[in-house]
Amino acid sequence: MPRRLFTFLAAALVTGMIALAAVGKVPVETDLLAMLPATERSPIAEQAMAQLARAHEGRIVLLTVADDAAQARAGAEILAHTLRASPALQHITLEVPPDALDTLLTTYLPHRFGLLSAATREALQHDGRDALIQDLYRALSSPIPTATPVPRPLDPFGTLAGFLAELPFAGGGFAPENGVLMAHRDGRSYALVSAETVGSPHAVSTQEAVLDALAQARSAAQAQAPTAHLEATGLVLYAAAAQTTAKREMSLIGGVSLLGITALLLLAFRSLRPVLLGIVCIATGVAAGIAVVLLVDGRLHLLTLVCGTSLLGIAVDYPLHYFAKRRLTRAAWRADEAMAAMRPALTQGLLTSLLGYTALLAMPFPGLRQIALFSMTGLATAYVATLMVLPLFARAADPRSTAGLDRLRRAFSAWQQFLQRRARWLLPLAVLAGVPGIWSLTHNDDVRLLSTPDPMLARQEARIRELTQLGQGSRLFLVNGRDAEHLLQREEQLTDALRARDPEHAGGFTAISAFVPSAQRQASNRQLIGALLFGDDRWAQHTLDDIGYHPRIGQALADAFAAEKPLSPDAWLKLPLSTPYRHLWLGPAQAGVASVVTLHGHWSTDALATGANLPGVTLLDKPAAVSSLMGQYRRGMAWALACAIGLSLILLSRRHGWRGAAATLAPCVLAVGAPLAALGYLGLPATLFHWLALMLVFGIGADYGIFTREGGPQGEATLGVLLAAITTVLGFGLLAFSSTPAIASFGLTLFMGVITAFLASPLALIGRGAPEAAS
Amino acid sequence: MKRRAFLLAGLLAIVPSIALADDALLTEIAARVANSPVLRAEFSQTKTLAAMRKPFRIAGHFTYARDAGVLWQVASPYAVTYLIDAHGTVEIGPDGLRKTRSGREAAGAAQAGQIMQALLSADLAPLESHFVLDPARVPDGWQVTLTPRSAEVARHLTHITVAGNTAVEQVNIVEAGGDHTEIRFTAIQRDTQLNTAEATLFARPD
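These protein sequence lines are chains A and H, in that order. For the first sequence, the working numbering begins at 125 and goes up steadily by one. For the second sequence, the working numbering begins at 7 and goes up steadily by one.
Computed list of lysine to aspartate or glutamate pairs in DMTMM-like fashion (alpha-carbon distance at most 25 angstroms, straight line):
hint	chain 1	residue 1	chain 2	residue 2
1	H	K60	A	D670
2	A	K698	A	D226
3	H	K105	A	E590
Ranges between beta-carbon positions, derived for each pair:
hint	chain 1	residue 1	chain 2	residue 2	range
4	H	N178	A	D670	21 to 29 angstroms
5	H	D29	A	G311	13 to 21 angstroms
6	H	Q176	A	P747	55 to 63 angstroms
7	H	E34	A	P747	54 to 62 angstroms
8	A	R606	H	N178	53 to 61 angstroms
9	H	T52	A	M580	48 to 56 angstroms
10	A	D670	H	A131	41 to 49 angstroms
11	A	L656	H	N178	32 to 40 angstroms
12	A	R676	H	G102	33 to 41 angstroms
13	A	P350	H	D29	19 to 27 angstroms
14	A	E609	H	A36	51 to 59 angstroms
15	H	N178	A	H353	37 to 45 angstroms
16	H	D140	A	E246	41 to 49 angstroms
Quick caveat, the hints were computed from the structure, so don't treat them as lab data. Here the structure is a predicted model, which is why all the values come from computation and not from measurement. A virtual CB, placed ideally from N, CA and C, is assigned to each residue, including glycine.
Looking at chain H on its own, in the form it has when it is part of the complex:
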């Protein structure tokens, strides 16, 4: 997590030159996904690395709150929760203890949080300064390919694709070395508000 600072601090913008049609599609995607204040889903993430004999899988529960951010609750193979919002990423252990970070890490985590929140909520427009966005309609919904604009990020990250319909259903992250990560969302439910347990987790002491 600490090392995210290196990548994410390096996200950069050049001239955004997105066609108007693309803009309209992005707006449509964001509107489709964001029309309910709370989204819950199960997720499974598979990391395929050159250095590994077999893919590494984790699974858990995902909560998106339009006004608060994203909760990423890993259930297997071990329990940990990440709270991701505009202020950054907070790691909450199984014991409920929150880990604070030093200023530099926090700055990196804050950017990481913004990017992750944008990805998982399909509100991609804020990422235009960091990535070239290429949205497209696919048979059962939409897909957006994000290509990093800066050379520093491109050294590590080839591209990211986000796909879905009325919610984000799949995120693919392809790294420069060929390693890649696939996240799938299933059992997507919509709600109007957070339950008490979730609200407690979302609350930031500061």
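Just chain A, with the same shape it has in the complex:
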């Protein structure tokens, strides 16, 4: 025996060490979406999403805000200077090269007649020369000084200026002022700084380094530009906030839970030994769970860890039943016999729980699989630990008085008798009461329920998005074409359709074809404007002459038109100008080439659907896709739960007969039904996470039924079940206080389910024969 123990402890120690070492190094995944499966079946779509995510994930956008432009600017300069000193950040951009506008001009001027903004094109098609003459007059008569990067004589009709003004440059209301991007709105001035993280924003080390750098920058800016304050947004900030919340919640909820459980056990058993042994069993289970998850998946998710700390609640049940039995048996205690008598109950409990988790393991949600893997490993390990370790340590009987516990038992046995006597009508009544609630149950699979971003970060992000017109990143169009030209044409069909559906300009988009129109569109533009300007009647020259321009201006324009060549996407993609947009060009794909059109601002679902119906265009809507998947998995989970109950019934019927199995599972079924009915009556929608919790409720409820039935006809197992219920409420119920809605609904469901399971546990004794039948 001691040798077996030694082997076991050594193994436990090794697993524990592996787990601890790994937790220190392996980042805890905080991105809840990472727990979800790949949503897009097409590999190009996945590539598009991944490429876009890479382009966005490391980016941090910072604003210094002040009432006074000079302060905002000074703040931004100090900010950029401080951030440049940090090894965690790169590509810190504050200054805009002074020749940015010149670059724009040298790029586009040689192709000016093929480049028309959508508005100019439409005006020329409708009004022809009237539109041109209006533009000519407007350029000369508007009361505001017109300063375009295009010298007036090179573009007297303002068509190139119109095209350049429509280029979808990121930055919205920001424009360079003495080399710094600034915006002014509602009496406040904003200066823009952008940066990129060096490492992955999901890595804890990156997050810490970035937060450090930002804190330093903030205090440096505070010192030199006291009225300026800093706003920032970026995935890394959200990830860091989530990490902090998770750590705080884990230590708080986990700590309170552990403390409560320890206090409870001390109270019941008046000795530290059962507590310590119980903790050893649980810790072994948790360590094994972490180790196996890391071995299989290579990383541990936040939700797995949070649910894992809750595993405490369910794994502590096993030693609890054992010690409860010892405490009540008093002098007649014999460890080996007791364990032998308990083993069937332990085994059945483990098997039913494992049955429930197996259904989860079969789900295509990587996150659910990880939780299932963690829980199954942990439970099995805790089970083995209970069987092997406990009889070794608790050999001696515990002869102390159990008066206090007996009072507790008597109180509960009154309830037990009441319930058993009236079960015939109480049970149908409970079912009847629950049915309308379950009937009116609604569901909500919105993926946003998964996380509540830090409100301060969300406010800053909203403001920064509004000012900079930053793309959404989660909804976008994927466009496919035979070759680059075909692709650009399809992009233009899409953007034309989008523009037509958005006359109020509430939304915007970024497409490569806005920077470099298709050859077809350029030719059509050139033909359109050429026929109007330089037809046989030399209209442009005459008109310019009439209005007072020197003849050479009109002649130069005609010469430029005759010599002009279209701008090619290849040439454009090589220009430094295109660097921030190259990720939109996916290049060669399955059949031909593909690109991405990103969206910003407000777009109606209808408008997007119109775009998605065009040939070669796919709308990728990650949140919608994930939400529909969550719905599928929620339904899958409900079926899995039904299957698990059915299978448990078969499993238990082999030992208890059909009626006995039904009685044993009655508490469990009621426990699963009660939270559903409650949600239905309260009008709260059930989510995937309620169902996930019900899965656990199923395992716990089955355990209570089995232990009660196996414990003896007078409810000898009551103390064990009571302690198990309280520890579970402490372990899981506390999760209801989590700030993540998913985890909170998980905790609340467990809370309701476990209480119901405990109160209904005497039902498992119905039809229970003589005590011998149990052994």
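For this one, chain A is given, so just place chain H on it according to the hints.
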């Protein structure tokens, strides 16, 4: 008009360092001009460009409403109306049709509108973040010279002068290439409220 976005989005502030005396004069100018809620005038604008053989002239009617903004109604050589207010610039064709603009243009036009409204109403203090203001008393009134603070704007615009007495009478815009624009206001009338036709034009649907 679209291209205003480029210039006007680029208007920038450095430390405003206006002497107290200048501040007082600016306040006095603003008070003198703004003491009536509505101002009407005829305007004529002359643009002198290096690329042109002769100056380009337009003329029309100008309405300033203290609470609503500026109406700039061009009558010759063709008819068009601009409504300029804190929300931006709206172009109203002879048919009464209003042209809406895309977000980026609207942002530029809004800034342009603020600047133009400030210029035409002589309420120059809000422009301090974009321009160095240099006010001076001249024999028959006052004159303010505005020099752009940011290098980007200075590439295109040398300076602007605004002159007048109890109203803005003349605005001169000198561009970096030597092109310049002169706007003169004549037949200035004061009123207490807008007439119905003007009020209709000033009304913004949003």
